[in-house]
Every structure is written in C-alpha cells, then in structure tokens.
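S.K.: Chains as they are written, first to last, in this note's numbering: chain S, 805 to 948; chain P, 805 to 948; chain G, -5 to 78; chain E, -5 to 78.
For the record, the hints were derived by calculation from the structure and aren't laboratory data. By construction, the Cβ of each residue, glycine as well, lies at the ideal position given by its N, Cα and C atoms. Careful, some of the hints might be misleading.
[As the list claims (entries may be wrong)] Here are some, though not all, of the chain P residues that point toward chain S, as calculated from beta-carbon distances under 10 angstroms:
| id | residue |
| --- | --- |
| 1 | 815 |
| 2 | 816 |
| 3 | 827 |
| 4 | 831 |
| 5 | 838 |
| 6 | 840 |
| 7 | 890 |
| 8 | 897 |
| 9 | 908 |
| 10 | 913 |
| 11 | 920 |
| 12 | 921 |
| 13 | 924 |
| 14 | 926 |
[Claimed, not checked] Okay, the calculated bits of chain S under chain E, using three or more residues with CB under 8 angstroms as the criterion:
| id | segment |
| --- | --- |
| 15 | 862 to 871 |
| 16 | 878 to 885 |
| 17 | 929 to 938 |
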Amino acid sequence: MPEDWIAILESPLPTSRALDFVTDPRAGGINIFLGTTREETSTGGKQLLALDYEAYPEMALSQMKALAQRAREHWPILKLALLHRIGRVDLAEPSVVIAVSTPHRKESFEACRFLIDELKKDIAIWKKEVWSDGSGTWVHPHSS
Amino acid sequence: MPEDWIAILESPLPTSRALDFVTDPRAGGINIFLGTTREETSTGGKQLLALDYEAYPEMALSQMKALAQRAREHWPILKLALLHRIGRVDLAEPSVVIAVSTPHRKESFEACRFLIDELKKDIAIWKKEVWSDGSGTWVHPHSS
Amino acid sequence: MRVHVKLFAILRDRAGTGELSLHLHDGETVGGAVSALAQQHTSMADFLPRVAYAVNREYVNASTILHDGDELALIPPVSGGLDA
Amino acid sequence: MRVHVKLFAILRDRAGTGELSLHLHDGETVGGAVSALAQQHTSMADFLPRVAYAVNREYVNASTILHDGDELALIPPVSGGLDA
Chain S
805 MPEDWIAILE SPLPTSRALD FVTDPRAGGI NIFLGTTREE TSTGGKQLLA
855 LDYEAYPEMA LSQMKALAQR AREHWPILKL ALLHRIGRVD LAEPSVVIAV
905 STPHRKESFE ACRFLIDELK KDIAIWKKEV WSDGSGTWVH PHSS
Chain P
805 MPEDWIAILE SPLPTSRALD FVTDPRAGGI NIFLGTTREE TSTGGKQLLA
855 LDYEAYPEMA LSQMKALAQR AREHWPILKL ALLHRIGRVD LAEPSVVIAV
905 STPHRKESFE ACRFLIDELK KDIAIWKKEV WSDGSGTWVH PHSS
Chain G
-5 MRVHVKLFAI LRDRAGTGEL SLHLHDGETV GGAVSALAQQ HTSMADFLPR
45 VAYAVNREYV NASTILHDGD ELALIPPVSG GLDA
Chain E
-5 MRVHVKLFAI LRDRAGTGEL SLHLHDGETV GGAVSALAQQ HTSMADFLPR
45 VAYAVNREYV NASTILHDGD ELALIPPVSG GLDA
C-alpha cells in the first residue's frame, strides 16, 4: 500500500504533511479530520489539562492498516493518511489526523467519516484524562 | 461574526492558516474540505490544464456570509473558515478550503459537508476549463 | 437614466467587456433592460434567457423597476466552482 | 513454559509495570493464565473480566492454548482515543 501513510507518532502530528501526502491531480476532493483535545471541567470542578495516549503499537498499527484496507474496498481512495499520536496531547492539539483524497467530494467525506468512526471502535490505543489536581483517569467505555 | 473567516482570494489558499484559525480548545473535532482541480481528458483527447475562476466578489462574499450563518443555525460551530480562490487554479491545487471546528466530530463533518454542498449550488463564482489546446470552456449547469 | 451593467463568465467573454453602461427610459424594468442589451449585443442574445438578475447585489426578477445609477448584474448559472 | 504478558492503560498502572513474565504448565489456556495473574496481582483482579486477549498480536479467546514464548496481551476496552 504505497499510497497509505499510517503511523503512530510521539510528536505533534504533521497535518500539513498529511495534506501534502494525499494531494493528487486525480483528486477533486480532499477531506481531513482532526480529533482534538477538548477542554472540560469535571463535576468536582477540576480542569482537564491534557489527554495522555498509550498504544500497543504493533497491534494498533496492524489494525489501522486493516482499517485503511476496508475503506479502500468501499471508496475509490487515491491517497490516505491515518496518523495517531501517543503521549501527552495538550488542549486544542490533535491526537488523530485522517486525510483522504478521492475523485469526488462525497467519497472523501464518507471515507474519512468511516475511518474515524471505526478507529474509535477498536484500535489498541487508550487514553487517560490528566486533570488540574494532578489526578489521571483512564477512559474505558462502560467503566464506572 | 468574529469567529468566521470568509474570503475570496487570488493567491493559493492558505490551508494551514485556515486550520490554525479554527483550532480551539472547545473543539473535539475539526473537519477540513479542499476542492481541488482534477485532471481530465476531453472526448477529443485534450488535457485539462487548469480551472480559471471568476467571481462577482461583493455578491459572492455576502452569499458566503449568509451561508455560514445558515450553518451556524444548524450546528454548534466554534470557528469556521470558508475560502474561495479566483483566477487560475492548477491541477491538484484547491479552489475551495472549508474548515470547521465543533465540540464533537459528527457535527464537524455535517457542517463542512453542508457548506460545500450549498456553496456549490448558488454562489456568484464561475469556472472556465482551460485545455491543452489553448481553448477555454465556461462551465454552466445544463449548458450544452 | 443610466444603469451600470456587470457581466460575468461566458457573457463577459461574448461581450468582450465586464461592464457596460445602458441608457434607458425612466421607469424601465430589468426585463426591458435585458431586451435592450440583447438587441445591442447580439453575441449575448441566445444566452440571456438563462441568466438571473441582481440589482445592487440582491437577486430581483424581470419586473423590477430600475433607477438611475443602479448596478444591474447578469448572473449566468453558477457551477459552484467545484467538481460534481 | 514461560509466557510474556503485556499490560496497558489501567492494568499497567495497577500492576506498576507494562510487562510480566508468567510461568505456566504446558498446555495452559489464556483463561488459565489470566486466572493465575488475578491471583498474583490482586490489584488487577476486578478489572480482568473486562479485558480482551491477544496472543502474538491477534485476538484470541480464553480457551486458546498458550505455547512457550507466546506474547499474551491483555487489552482493556479501548476508548478509540477520541471524543464522543
């Protein structure tokens, strides 16, 4: 898959390079999604400072590659970048960048939406909320 | 509307600045769409070299502002950039950049998709196809 | 009275200019102005039935009365500037 | 036999380490290994029923037989790394 750039990175995600990567003269549409750390106040009045991501990198990467392959089976994707950051991600910074180029715009939206929805479901990456009082909370679905 | 950046520009669209503009600690999702010039071959074998855009700028700008306002009535948009280029746009370059930040990802996709779909319908901007034989063809819906 | 006419895209190419000045009788309508243009600029005549009209940057219809100094724009169907 | 155990997120915090080595009888299953872990690391015990298992980076179920040198990863429910 030379047309896919799939990576787990410890440094700030290179959104501009993702855009450059998917730019293609065969494309009429490019869609980019960034999932960013949103400020939050806990019920107890603590402020969220950052999110801290941890991966099982070998497994997460192979899951991300399989996911990209599934997207390619549904949409005529020209190029695709799927980047996930690990480590501390401050407020307003992206933990995920997805960029997709397709011949027509509709497909770029659909494929990008599919990739983020599926990425959220089942990739071996976990996040911990880091709060202003120094506490940290792992986020697990359906946990108390 | 201090949170909207709406412009018609004659120079290459500043996608990174649009992303910076919409970045916001209240955002969990940012969606960016680029409409790019796609290579094409005419039935007669000509190659598309570029698209040439012309605007009625005062009217197009007020239409774009009204469109942004409609999007804000439907989705909790934090910040929004809606940029259209005029003049010659080479293959693979964007003629439109739309960036939207929202608290949750679903809204960012929906709002961005709405903006490009509506922008395509009824804004006073026209495009001419510039072909390898030097000919130019204005693109009008339903024209022969 | 005098009305400023703005032309875009294919109309501008056909007229060879993006701006025209039209002399009209007081009380003339947009439709009347467009008929006058079709006669004076026959290269545009076949396309004029497909255009929309804006006066002072607001869409209007053919029965709208023009006033001295108005900006009448002939708006060809827009492509939206993007691929399908 | 010896199995390498990988722990992540809340399990890693509770165990105080991301990697453990487990000595097991030959032919032991994933479920048996997890029971042994729950006894040796009681801080993890209440969370273990909620984890999924991967052996050598492929998802498996509790009845899967382990082999010497296998990498057994305990996979807490994933948050997907993103807002809802």
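S.K.: Are the hints correct? Go through all of them and say.
M.R.: Now the hints, each set against the structure:
1. Restraint check, residue 815 of chain P versus chain S: the minimum CB separation of about 17 angstroms is more than 10 angstroms; hint violated.
2. The closest approach between the C-beta of residue 816 of chain P and any C-beta of chain S is roughly 12 angstroms, which is over the 10 angstroms cut-off, so the hint fails.
3. The beta carbon of residue 827 of chain P comes within 5 angstroms of a beta carbon in chain S, closer than 10 angstroms, and the hint placing it at the interface holds.
4. Hint on residue 831 of chain P holds. Least Cβ distance to chain S is approximately 5 angstroms, under the 10 angstroms limit.
5. Because the closest C-beta pair between residue 838 of chain P and chain S is about 4 angstroms apart, less than 10 angstroms, the hint holds.
6. Residue-level restraint check for residue 840 of chain P holds (minimum Cβ-Cβ distance to chain S is 5 angstroms; threshold 10 angstroms).
7. A distance limit of 10 angstroms between C-beta atoms decides the matter here; for residue 890 of chain P the minimum to chain S is near 18 angstroms, and the interface restraint is violated.
8. Annotation: interface hint on residue 897 of chain P holds; nearest CB of chain S at approximately 8 angstroms, less than 10 angstroms.
9. Of the supplied interface hints, the one on residue 908 of chain P holds, with its beta-carbon coming within about 8 angstroms of a beta-carbon of chain S, less than 10 angstroms.
10. Look at residue 913 of chain P: its Cβ gets to within about 5 angstroms of chain S, closer than 10 angstroms, so that hint holds up.
11. The criterion of a C-beta within 10 angstroms of any C-beta in chain S is met by residue 920 of chain P, whose closest approach is roughly 6 angstroms, and the hint holds.
12. Interface restraint check for residue 921 of chain P: the shortest CB-CB distance to chain S comes to about 8 angstroms, inside 10 angstroms, so the restraint holds.
13. Using the Cβ-Cβ criterion of 10 angstroms, the hint placing residue 924 of chain P at the interface with chain S is satisfied: the shortest such distance is roughly 9 angstroms.
14. Among the interface hints, the one on residue 926 of chain P is violated; its C-beta lies about 17 angstroms from the nearest C-beta in chain S, farther than the 10 angstroms criterion.
15. Taking a C-beta to C-beta cut-off of 8 angstroms, the segment 862 to 871 of chain S contributes 3 residues in contact with chain E, enough for the three needed, and the coverage statement holds.
16. Requiring three or more residues with a Cβ within less than 8 angstroms of a Cβ of chain E, the coverage given for the segment 878 to 885 of chain S is violated, as only 0 such residues are present.
17. Remark: the segment 929 to 938 of chain S is confirmed as covered by chain E, as 4 of its residues place a Cβ nearer than 8 angstroms to a Cβ of that chain, reaching the required three.
Comparing the model with each numbered hint stated earlier shows that hints 1, 2, 7, 14 and 16 do not hold.
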